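Put together the whole structure using the sequences plus the hints.
These protein sequences, in sequence, are chains A and B. Okay, so the first sequence: first residue is 1 according to the numbering used here, each after it adds one. Okay, so the second sequence: first residue is 1 according to the numbering used here, each after it adds one.
None of these hints come from the bench; they were simulated from the model. Owing to the predicted nature of the structure, the values given are computational and were not obtained by experimental measurement. The beta-carbon is built from N, C-alpha and C at its ideal position, and this holds for glycine as well.
Derived, one-sided and incomplete: chain B residues facing chain A with beta-carbon distance under 8 Å: (1) 41; (2) 42; (3) 43; (4) 45; (5) 48; (6) 56; (7) 91; (8) 104; (9) 105; (10) 106; (11) 107; (12) 108; (13) 109; (14) 110.
For lysine to aspartate or glutamate, the following DMTMM-like pairs were computed, each having C-alpha atoms within a straight-line distance of at most 20 Å: (15) A:68 <-> A:27; (16) A:1 <-> B:56; (17) A:1 <-> B:44; (18) B:57 <-> B:68; (19) A:42 <-> B:24; (20) A:42 <-> B:44.
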Amino acid sequence: KQEVTQIPAALSVPEGENLVLNCSFTDSAIYNLQWFRQDPGKGLTSLLLIQSSQREQTSGRLNASLDKSSGRSTLYIAASQPGDSATYLCAVNGNQFYFGTGTSLTVIP
Amino acid sequence: GAGVSQSPSNKVTEKGKDVELRCDPISGHTALYWYRQSLGQGLEFLIYFQGNSAPDKSGLPSDRFSAERTGGSVSTLTIQRTQQEDSAVYLCASSLASGGAMNIQYFGAGTRLSVL
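Structure representation (structure tokens):
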């Protein structure tokens with residue numbers, strides 16, 4: 001069974017800092033990987049989707065990379081802002097979706 | 001509608017009662033998923049529907065849980081004889097298709113279930 005791990009579980013950074021969130025998975029037979037953000041009491045918002053054939057995707061200040069062979073993905077957030085504070089989840093899409101437990105990010109003004 | 005809609009947003013029930021949770025997917029999305037998110041846990045897959053195919057029920061934790069999807073659109077997740085460990089946020093998602101490279105899931109805001 002696919003296992004998805006996210007490190008760190010929680011992260012606190014000052015505003016303006018660049019940061020990296022990590023996601024690892026055990027089974028490299030995936031179609032794609034998706035990064036989400038979840039705000040307290042809210043559903044999940046899709047941030048980036050990387051197909052298995054791609055190495056990275058970019059959207060604004062966000063850049064996600066995928067190394068399928070090593071079972072790793074990173075989400076890079078540039079110039080962090082207090083509004084980026086949320087829980088970030090990665091999910092791998094194989095026969096079904098498997099989610100990590102998330103990284104709780106706090107950006108301090 | 002513009003997004004995935006779930007109702008109710010909050011549900012408090014007594015142990016042993018049955019509950020029904022509703023999900024309205026994005027119009028035109030053929031795939032619909034139910035997940036459970038317990039406090040401090042990741043999302044746990046429960047069940048998914050793809051078009052008229054038989055649903056994948058492999059994630060349902062017990063036979064007290066069931067779901068149906070009428071007319072390929074609205075879905076209802078039913079929990080019978082609720083237990084305190086059923087307390088969680090139940091999230092619904094839909095996508096244009098299931099599996100494969102184009103599966104981008106859009107989530108509702110969830111239903112927070114509290115079993116007293």
